[in-house]
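A.B. asks: Listed here are the chains, written in short residue letters.
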Amino acid sequence: MKVSGAEAMVRALEHQGVTDIFGIPGGATLPLYDALSQSKKIRHYLMRHEQVAAHAADGYARVTGRVGVCMATSGPGATNLVTGIANAYMDSIPVVAITGQVPTTVIGTDAFQEADITGITLPIVKHSYLITDASEIAEVVAEAFHIASTGRPGPVVIDFPRNIQQQQTDYRVVDKVNLPGYRPTVKGHMRQIKAAYDAIVAARRPVLYVGGGVNNPAAAAELEAFATRLRIPVTWTLLGKGAFPEDHELNMGMIGMHGTKTSNLAIQNADLIIAVGVRFDDRATGNVARFAPQASVIHIDIDPAEISKVVKALVPIVGDARHVLKSLHELVREKNPSPDYADWLAQIAAWKDAYPLKVPEERELKPQVVISKLSSLLAGSDFIVTTGVGQHQMWAAQFMKVSGPRRFVTSGGLGTMGFGMPSAIGAQVGAPTSTVVDIDGDGSFQMVLQDLGTIARYNLPVKMVIMNNRYLGMVRQWQELFYGRRYFAVDLDKGSPDFEKLGEAYGIAARSVTRYEDLEEALTTMLAHKGPYILDVQVTEEENVFPMVAPGAALDEILGVD
Amino acid sequence: MKHTLSVYVENRPGVLARIAGLFRRRGFNIHSLNVAPTEDPQYSKMTIVVDLEDRPLEQVTKQLHKLINVIKISDFKPDEAVERELALVKVNASSATRSEIIQIVDIFRGKIIDVARDSLTIEVTGTADKISALISLLKPYGIKDMARTGRVALARGRVEE
Numbered sequence: 001m002k003v004s005g006a007e008a009m010v011r012a013l014e015h016q017g018v019t020d021i022f023g024i025p026g027g028a029t030l031p032l033y034d035a036l037s038q039s040k041k042i043r044h045y046l047m048r049h050e051q052v053a054a055h056a057a058d059g060y061a062r063v064t065g066r067v068g069v070c071m072a073t074s075g076p077g078a079t080n081l082v083t084g085i086a087n088a089y090m091d092s093i094p095v096v097a098i099t100g101q102v103p104t105t106v107i108g109t110d111a112f113q114e115a116d117i118t119g120i121t122l123p124i125v126k127h128s129y130l131i132t133d134a135s136e137i138a139e140v141v142a143e144a145f146h147i148a149s150t151g152r153p154g155p156v157v158i159d160f161p162r163n164i165q166q167q168q169t170d171y172r173v174v175d176k177v178n179l180p181g182y183r184p185t186v187k188g189h190m191r192q193i194k195a196a197y198d199a200i201v202a203a204r205r206p207v208l209y210v211g212g213g214v215n216n217p218a219a220a221a222e223l224e225a226f227a228t229r230l231r232i233p234v235t236w237t238l239l240g241k242g243a244f245p246e247d248h249e250l251n252m253g254m255i256g257m258h259g260t261k262t263s264n265l266a267i268q269n270a271d272l273i274i275a276v277g278v279r280f281d282d283r284a285t286g287n288v289a290r291f292a293p294q295a296s297v298i299h300i301d302i303d304p305a306e307i308s309k310v311v312k313a314l315v316p317i318v319g320d321a322r323h324v325l326k327s328l329h330e331l332v333r334e335k336n337p338s339p340d341y342a343d344w345l346a347q348i349a350a351w352k353d354a355y356p357l358k359v360p361e362e363r364e365l366k367p368q369v370v371i372s373k374l375s376s377l378l379a380g381s382d383f384i385v386t387t388g389v390g391q392h393q394m395w396a397a398q399f400m401k402v403s404g405p406r407r408f409v410t411s412g413g414l415g416t417m418g419f420g421m422p423s424a425i426g427a428q429v430g431a432p433t434s435t436v437v438d439i440d441g442d443g444s445f446q447m448v449l450q451d452l453g454t455i456a457r458y459n460l461p462v463k464m465v466i467m468n469n470r471y472l473g474m475v476r477q478w479q480e481l482f483y484g485r486r487y488f489a490v491d492l493d494k495g496s497p498d499f500e501k502l503g504e505a506y507g508i509a510a511r512s513v514t515r516y517e518d519l520e521e522a523l524t525t526m527l528a529h530k531g532p533y534i535l536d537v538q539v540t541e542e543e544n545v546f547p548m549v550a551p552g553a554a555l556d557e558i559l560g561v562d
Numbered sequence: 001m002k003h004t005l006s007v008y009v010e011n012r013p014g015v016l017a018r019i020a021g022l023f024r025r026r027g028f029n030i031h032s033l034n035v036a037p038t039e040d041p042q043y044s045k046m047t048i049v050v051d052l053e054d055r056p057l058e059q060v061t062k063q064l065h066k067l068i069n070v071i072k073i074s075d076f077k078p079d080e081a082v083e084r085e086l087a088l089v090k091v092n093a094s095s096a097t098r099s100e101i102i103q104i105v106d107i108f109r110g111k112i113i114d115v116a117r118d119s120l121t122i123e124v125t126g127t128a129d130k131i132s133a134l135i136s137l138l139k140p141y142g143i144k145d146m147a148r149t150g151r152v153a154l155a156r157g158r159v160e161e
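So the protein sequences, as listed, match chains A and B. Residues in the first sequence are numbered consecutively from 1, following our numbering. Residues in the second sequence are numbered consecutively from 1, following our numbering.
What the hints contain is simulated information worked out from the structure, not anything from laboratory work. A quick note: this is a predicted structure, and the numbers were derived from the prediction, not measured. Just so it is clear, CB atoms sit at the ideal spot from N, CA and C, and this is done for glycine as well. Some hints here could point you the wrong way.
[As the list claims (entries may be wrong)] Some, not all, of what chain A presents toward chain B, calculated at C-beta under 7 Å: (1) Pro123; (2) His127; (3) Tyr182.
This is chain A alone, in the form it adopts within the complex (with noise of 0.2 Å):
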């Protein structure tokens, strides 16, 4: 039976088992939108912005461990998703973006709303497609969200013409795909892991270091599995907040630039580090030159182009952190060696008591009493939390305690601001029943502010915590440290909305708070609510996030821990 292309793609997308699209409708994708209003598995979420659009799918995406899927129409349409494919490539994400085109007839024509979409974001995705007959239709969904999902996950682009999406087809389902060019190793090399164990056995002062690439359940579960065995602490990346529990013995916090001051202390003294699903970001390894100058390095990743990239790695596995982390469990379990790591490990507690992650014990607003406040009222509670970027980011970051893996969403690689509002429609959508929290910045939120329309028309109850400083805060913090306090368009004073007055004009309950004495009432008002809520916490202005380690300095010289 012949179909319109824009049927078979519908029909290719259910096939995927896509439930949700986040999108915007437009010109170049009204025939693919009337065949989506015929779908009874695909629920449309209308947005506000695409680049919204493109963040939800983003957040879905990290919370479920599915393919996040966004749309959007030619020219303007597809470049309003650029900031979030991008965003989603830095930080390995899949995510299916599928945008209307002109009609192929009229390609590079300059014509109305044409923008080259598969060229504009050829450096920012894993792959593209640009569909030129509605016959390769099911074959290229099949392929994009196998090459989206699978080895190092990431955004894949299908611009889809106008004219493609009624041309008559007919449509098959596709299962199979033959992809030639990429087949990416999941099992790593039995000689290498034999190296690493060899390695790992004869350390003395062993780091296991992780991100990304295990913060899934499954690779979490091998990492805290093979730590706890051997006894082996761990520092995580901001992308690995979750993958290893907050609350265990070996966990030394965040690595890097905000990262605690024990976690860069062990990694400047240490003789061997694990790093597993990392690609030594220089947030979290600071002068690279200088960065762990006794340690050999275990590189685990599943992107080959990562390992020896920026440190060189002594034994270098390609292969899912999982698979690779079991098989070194497994060989370890054979062997059952006894290391002796007491010395290290003593040391490592004995830097923890020293320097422990300090909340201001200022009655004041201060954001980390604020964060550590929800923190402690979330606990035991099914919740999810997302960030805007900036100062509140890394205070997220530091205080706030998550359950497991699969719990932060936040923007690492790109850093973009007004990505917390946004991921949490996401996080909302993929997780109906987890309380989502978005942690924000004044800044960052009014980056998206106008998708409140999105949250009150689905009535997505998610609760919105505005650290608002009234500055970006961020850029603030490094004017005073670095530029002698020359403060420059960083106040957001003047201009700035009243966030009550804001929520009123959407329907969404919302509150300011500017006393410490109402903060606990009020966070506990709004975790209470149904709907959505949003608090604009009115914090100490001028606040720094430390401990910091200065850009171009290396771990050990850390600013702001006595």
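Put chain B on the given structure of chain A with help from the hints.
C.D. replies: Relative to chain A, chain B alone:
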């Protein structure tokens, strides 16, 4: 340091842009590039001469491998491959200099493929060094125009001992 990579790719629209874009984005310099279909029309072969300066070749090949359309990459070391370039050179030639130029071209086993009253057009194939040598010999006569292909390369056949 220059390396010759032979990259087997799917013959699809946009593949060249993906590869060129990757080199630009990762800061690798393409010295020359040659693209042509293979015996199987589904695939093309690109011969890329990359100028590495001090960067490891490994990063180039690993990043190239990440492109879905790239099937296979061979890195040719100089003694493991045969490499050729082709050049077309239009050089000033008066009746006085014509025979001299033809002699030089003969030595390089080049061919005269066009003769005009005041010029000769020469076709020559060989290694990049050989072509550069011929060009430097022809220069004094005055080169009017020139086109050089990028390098093409194939692995040498195995010689059984």
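A.B. asks: Hint compliance check: list the failing hint numbers for this structure, sorted ascending.
C.D. replies: No hint contradicted; all consistent.
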